[in-house]
Amino acid sequence: MSAVSADAARPGRRTAQTLIAYVQDRPGALNRVVSLFRRRGFNIDSLTVGRTERAGISRLTLVVQADDETAHRLESNLYKLVDILHVEDVSETAAVTRELAFVKVATPAERRSELLQLCATFRARVVDMAPSSIIVEITGAPEKLDGLIEVLRPFGILEMVRTGAVAMVRGPQPGSLPEVLDPEVLEVAT
Amino acid sequence: MSQSAAAHQERTTPREAPAPKTGAQIVWEALVREGVDVVFGYPGGAIMPTYDALPGYPVRHVLVRHEQGAAHMADGYARASGRVGVCIATSGPGATNLVTGIATAMLDSSPMVCITGQVSSTALGTDAFQEVDITGITLPITKHSYLVTRAEEVGPTLREAFALARSGRPGPVLVDITKDAQQGRAVFDGEAPPLRLPRRPPLRAAHGDLARAAALIDAAERPLILAGQGVVKAEASELLRAFVEKTGIPVASTLLGLGGFPASHPLSLGMMGMHGEAWVNTSLQESDLLIALGMRFDDRVTGKLQTFAVHAKKIHAEIDPSEINKNVKVDVALPGNLKTTLEQLLPAVQPRARAQWVERISALRSEASGRDVQSIPDNGRLLAPHVLHDLWKLTEGKALVVTDVGQHQMWEAQYYKHERPRSLLTSGGLGTMGFALPAAMGARFARPRDEIWVIAGDGGFQMTNCELTTCAQEGLKINIAIINNGYLGMVRQWQEFFYNRRYVATPLRSPDFVLLAQAHGLTGLRVTRRDEIPAAVERARADPGTVVIDFRVEQEEAVYPMVPANADLRDMIRRPALEVDP
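Respectively, the protein sequence lines represent chains D and X. At position 85 of the first sequence the residue is numbered 84 (numbering that gives the first Met the number 0), and the sequence of numbers has no breaks. At position 263 of the second sequence the residue is numbered 262 (numbering that gives the first Met the number 0), and the sequence of numbers has no breaks.
Source of the hints: derived by calculation from the structure; they are not laboratory data. We treat Cβ as the ideally placed atom computed from N, Cα and C, and that holds for glycine. Please note that a few of the clues may not be correct.
Where chain X lies over chain D, by a calculated footprint (3+ residues, C-beta under 8 Å) [said to hold, decoys possible]:
#1 28 to 36
#2 67 to 78
#3 81 to 88
Using the sequences plus the hints, can you model the full thing?
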C-alpha cells in the first residue's frame, strides 16, 4: 500500500487507481459508464458491479491505470453521467481490496500433492478435482492472485477467470453515499 | 357509508381530480410549462399521437425539410436566446437524421431537448419497422438520453430533461417516447414534479486558489485573458470588462468567445488560434500568464501542445471540471460558474496598467496591418474578406451573424467585429457544414426584431438549402450571403498548402442561387464587384422577405494567417507583405 502511495505522489506516474462509484440501477447505466471509458480512452484494469445495502443503487469498483490528474478527470467525467450518484477515489485511503479467481490447472498425478501444497501456501481452495485437472479458487488482493497465477503457470493453466476487484474503506464509518436524490440542487450538476 | 369510510374517501379523492391526459398531451403540457412556444420538427408514424395532440396548445410548429435542420434550428434558437431549444422527430430515420445536429449542440454546449417517437414498448428490441436504438446512438453526444415507456413518466422526464439541458455546462438531452407511452393516459396536474437529479459536489473555486490566482495576476508582466464561450453562457461580459479595465490585461477570444468582449475595446485583440490574428498568437507565445475564462484549450486554439505558451503560468476558470487539465496542464484551477468566479476575483486583484506589454502587442499589430487584405486596393475582383468587412460596415456591426463552416467562417471571425454577446452563432467544435441557414431560422424565433445575416459558402449552403423552402413557407426574414468561390474552399486551401495543389474533389458546381431564390418566390441578387456590395446589402435589408445574395468571389483566395494543424503557434503561414495583384 505504501509503495503505491509513493508512486502515486510522483506527478505523471501511472498506477492502479481504485474508484468506487454508486450508480442508480437503471437500464443503460452500466453502458454509460463503460462507454465513457471507451470514448475517453481510459484504461480499465477491472470493473465490477453489484448490489448495495440500498435498493435500486448499485456499486461499481473501478481499477484504472492512470496518473492522479487522469484519475481526477475520470471522476469529473463520471459525475457528468446522470445515473452516477457518488464517486469516491480510494486509491490513497486505507481500504480492503479483494478479488476472486478460478484457475483450472492441468494436474499430472505425480505433481498433484506439490500443487495442493502450493495452494495451501496461498490459502487457495480446491473446488473441483478431476483425474487430470483441478479448479483452484482464490480470494485476495489482486497482487496475491497475480502471485498464485505465476506459480501455477508452469503446471499449465487450462482456463482462468478473475472477477475484478471490489473495495471497501476500513473503519467504522458507513459508506459515503449521501442523500443522493435531493430535489432542487441541480444548479451544481454538470 | 360509515363515517370513517367517508373520511377515508375525503382524504384519497381530491375534490377536483384532474382528468387523465394522454402521454401525447402531457408532452405539450410539459413544453408549455417550460415556456416553449416554438418547436422544429417532422412527423412520422411513431410520433403521430404527439402531433395529433398539438392543436389547441400555444406552440408553433415549424415543419422542416430534413430533421437535421430541426436540430440546427433548435440549436440556433438556444444560442440566440440562452433558452432551451426544442426539436421533434419520429423514430428510426427521423431520429438518426437529428444526430449531426445533436452532436453540433453537444460540442458547443448548446441547451436543447430533442423529442423522438419510438416504436411501442412491446415491440422494442425486435427490429420493428423504423426502430432504432436512438438512446444508445446518442449516448456519447448528449448530456443524457431517456427512454420513456409509460405515460406517467412523460411529465417528470421532460421536467428533468429541461433542467439538465440548461444546468451547469449546457447541452442537448434526448427524450425517446414510445408510441404506447404517448397513447397511454396519466394524471398531469400542471404542477412541476420534483426533480430527481442527483446531488453533485459543490463547484466553487477554493479560497486559497482564488488567492493564488490573484497573486499570479498581480505579479504578471505579460498576461493575457483567453475569453471563451463560457463568458457568453455565464453572462459575464460586464464583469469581464470591469476585470479588464481594473487589471489592464488584453483579451484574446476563441471563435465562440467572439462578442463576449467588445471588439472595439482598446484591449480587445481578436481571435486566437489556427486562423487567429498574428499578433494574438505571437503574444500568446510571449506571455507569462494566461487567464483562461470559460474555454477548453481546443486543438484549433493551442496548436502543438508541447510548444503552447511554454513561458506562461496558467489559470483556468471553467464550469466543467472534466475540462481542467485535459489538454493543457494548469497552475491554478478555478472550477465553477464564471460569473461567480469573476465576482470573487475582481476585488482580489490590484489595479494596474501594463503599458509596456500593451505597446509590444501594438507593435506586433501594426506589423500585421501591412499584410492585411484590407490594404489591397479594389482591383475590380471581388475578395471575400472585402465582402465581410463591407457587410460589417454597412450593418454597423449590429447584425446577428450566423455562419457556416469553412473559409467564410474564418473571414467573418476576422473582419466582422462583434460588440455584443450572442451576435455570432457558429459551429465551432463540430465544424458542421450546413449549420448556418437552419440555425439562423431558429434564431429568428428567438430574436424577432434583430437583423440576421447568414454567411455561408457555396458548399455548406447546399448541404441544408432545402430549408430555404421552410424559410419561405414560414415567411421568415433572413438575409443570406453566399460566399461563392466554386470550391470547397477550406479543403482547397489545405490542398494548396499541404497537398501540392492537387484539387481533388473540391471544385464545386452550384445551382444558380439567384434562380433558386426566385423559385421560392424570394429575391435573389448577384454581386461580382466590390462596388456592387452596398446596393445589394441595402436591397436585402429593405426587402421584407428572405433575400439570397450570390457573392461571386475570387476562387483561389486563402485565409491568412494559418497555423498548420499541430504546429507551433508562431509557425504561421502569413499573407505575403504588400501583395498587390498586377
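Results for each hint:
1. Proximity of the stretch 28 to 36 of chain D to chain X, defined as three or more residues with a beta carbon under 8 Å from a beta carbon of that chain, is established by the 3 residues found.
2. Counting residues of the stretch 67 to 78 of chain D whose beta carbon lies closer than 8 Å to any beta carbon of chain X gives 6, which meets the minimum of three for the stated coverage.
3. Coverage of the stretch 81 to 88 of chain D by chain X holds [criterion: at least 3 residues with CB-CB distance below 8 Å; count 4].
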